[in-house]
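*Asks:* Let the sequences and hints guide you as you build the complete structure.
Chains A and B are the protein sequences, given in the same order.
FYI, in numbering that gives the first Met the number 0 the residues of the first sequence are 0 to 176.
FYI, in numbering that gives the first Met the number 0 the residues of the second sequence are 0 to 369.
Watch out, some of these pointers could steer you wrong.
[What the hints assert, rightly or not] Non-contacting residues of chain A with respect to chain B, defined by C-beta distances greater than 12 Å in every case (computed): (1) Met0; (2) Phe1; (3) Ile58; (4) Gly59; (5) Gln75; (6) Arg78; (7) Pro84.
[To be verified] Here are the in silico distance ranges between beta carbons for each label pair: (8) B:Val17 / A:Asp95: 49 to 57 Å; (9) A:Ser67 / B:Val162: 54 to 62 Å; (10) A:Arg124 / B:Ala317: 27 to 35 Å; (11) A:Ile79 / B:Val295: 56 to 64 Å; (12) A:Ser67 / B:Thr189: 15 to 23 Å; (13) A:Gly49 / B:Thr189: 17 to 25 Å; (14) A:Gln125 / B:Leu91: 51 to 59 Å; (15) A:Arg124 / B:Leu91: 39 to 47 Å; (16) B:Leu186 / A:Gly85: 36 to 44 Å; (17) A:Val81 / B:Val17: 53 to 61 Å; (18) A:Val81 / B:Ala337: 22 to 30 Å.
These are calculated hints, taken from the structure and not from any lab test.
Note that the Cβ used here is the ideal one computed from N, Cα and C, for glycine as well.
Residue-level listing of the chains:
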Amino acid sequence: MFAWLKDYFLDPEFNRKREFLQRVSLFHGISRREFGTLFQSLASRNYQSGEILCKEGDIGRALFILESGEVEVLRQSRRIAVLKPGDYFGEMSLIDEQPRTATVAATQPVRCYLLYKTEIDKLLRQAPRIGAAIMAHLAALLAVRLRASMSRSPFSLDSTDTTAQPAAKAQGFGVVQ
Amino acid sequence: MNSPGRYLVPLSLLGLLVYFLFKVHQVLLPFVLGGVLAYFLSPLVRIFEVRGLRRQPMVLIIFGALLAMLSWGTWAGIMVASQEASMAATQLPRYVQRGQQFLKDFRDWEEQKAASGSLPFALTRRLTGGASPMDLISSHWRTLPAVIAQQTPSFASHLVPFVELFLLVPFIAFMILLEGPAMMERLLGTVSSRHVEMLLNIIVEIDNSLGNYLRGVCLKSFLTGLSALAGYWVIGLDYAVQLGMLTMFTNVIPMVGPWIAIAVACLVAVFQWGTVPGILKVIGVSLIVRMLDDGVLQLVVMNSVDLHPLAVLFALMAGGTIWGFWGLLFAIPLACTAKVLLQVIWQWYRSEYGLAPADPAPEVSHIPLI
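*Replies:* This is how it looks when you write it as structure tokens:
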């Protein structure tokens, strides 16, 4: 009886999503209990192979988290990275709505979670622990990129320097701003 | 597909859809109301969803609880109404006598003033052709029972759509709530990948704007109803609880709603006390409640939707002109939605064509990283 009630009332999809998102470095500071609130801020969408997820030069307004499939990151038609499930990109759009620095195209059927900027603003107001954990991670990501960029070129503060990206990637960070 | 074709096909389809919706606009009301009810209930579902519970059983439980509450409310309402009716049957002659006395006193007072040559009263007499205004009103009211008897069948036939609404709206809301995020995902799946972020932007912004407005309106109606109840209770008016609830519900209708509750409260005062000071007490309390509502609570709601007062007034007048009662009810939420849509499309247009100025860099951006 108890098992039946558990099966009927508990959402198995919830646990699957939570286990997946717990592995995403962006959400490492969020406790197990808070993932339910975070899910409410995420939208999801499927993309076909060959479909463009975001285009270089377009204004970015959302962060993408890859749940399944594979995407390639292209800058001026040159492939600079391949992202796999658990990777995320477009994180700088959560801070400023500036043009995307690269194009991302699906090389396989892809399923993504999207976190929109207004949703992160809402999280900062209504669930500050979650919002602050995400923003703290983004600040750490920026710092890593900036230091890596400076170690390559000490007199430059250009954070779009692609040489910074392998270091950031090594720490589990995204590559498209 | 070439570029003109790419835009022509979706635009033609959109045009066809708008035309179709315009043609069937009379059947849209239950869907709109169902959507509104689902939107109101979605925070309740969310409370369980964030704890990892399945959506479907939770929606069933919430609707079951609502149905139980509604049944209980109807039963309690019928009980109260039957009690009130039996009380009214014993009190009615006294109420009628008081009402008649009040009208007679008012007529005598008005005649006395007109006879003494008081300018406003003399002018009124000239306008009414020498007859007392009270005579005109009472002769008009004498035909009221006949009018009511005449209109009752057509009024009953007009009630049928309301019964349909009463049954249809919860069903539609139930279906929308069951779908929940799946509906959103389907919607996102219909647009091209390039416009997903824009659509998401529109949905999130509209949700924020409408959420603020609805929360504000609910809080405002509740506080207004509560203050009316307290005021009427302090002055000893009968049916203070019912009048407080009426104030709360009618407060949802902008501009016209609150005055309906005040008119009913004055009517109760006429029958209860039948004196001018009694009515003045009710008017005084109602005006204080209105001042609190318009002066403080309304400002809070308007700040939450971030619409200029003139835009609100225009929206209300336009809504009332086009759709009457429902137009008044939905004018501000529709204005909020239209504002958000225009803002998002304008932003997109500016960024798409490079018209938006770049954000200035923070003042400390020139300081080297240390």
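*Asks:* It remains to establish, for every hint, whether it holds in the given structure.
*Replies:* Hints and how they fare:
1. Met0: With a cut-off of 12 Å, Met0 of chain A remains clear of chain B, as the shortest Cβ separation is near 15 Å.
2. Phe1: Label holds. Min Cβ-Cβ 15 Å, cutoff 12 Å.
3. Ile58: Given a closest Cβ separation of 4 Å, the condition is violated.
4. Gly59: violated, 7 Å
5. Gln75: holds, 19 Å
6. Arg78: holds, 19 Å
7. Pro84: Correct as stated: the minimum Cβ-Cβ distance to chain B is 18 Å, above 12 Å.
8. B:Val17 / A:Asp95: 49 to 57 Å: Violated - the Cβ-Cβ distance for Val17 of chain B and Asp95 of chain A, about 36 Å, lies outside 49 to 57 Å.
9. A:Ser67 / B:Val162: 54 to 62 Å: violated, 49 Å
10. A:Arg124 / B:Ala317: 27 to 35 Å: Since the Cβ atoms of Arg124 of chain A and Ala317 of chain B sit about 33 Å apart, the hinted range of 27 to 35 Å holds.
11. A:Ile79 / B:Val295: 56 to 64 Å: Since Ile79 of chain A and Val295 of chain B have Cβ atoms about 57 Å apart, the given range 56 to 64 Å holds.
12. A:Ser67 / B:Thr189: 15 to 23 Å: Taking Cβ atoms as reference, Ser67 of chain A and Thr189 of chain B lie about 21 Å apart, which means the hint holds.
13. A:Gly49 / B:Thr189: 17 to 25 Å: holds, 18 Å
14. A:Gln125 / B:Leu91: 51 to 59 Å: Holds, at about 54 Å.
15. A:Arg124 / B:Leu91: 39 to 47 Å: At roughly 56 Å between Cβ atoms, Leu91 of chain B and Arg124 of chain A fall outside 39 to 47 Å, so the hint is violated.
16. B:Leu186 / A:Gly85: 36 to 44 Å: violated, 26 Å
17. A:Val81 / B:Val17: 53 to 61 Å: Cβ of Val81 of chain A to Cβ of Val17 of chain B: about 43 Å, so the range 53 to 61 Å is violated.
18. A:Val81 / B:Ala337: 22 to 30 Å: violated, 43 Å
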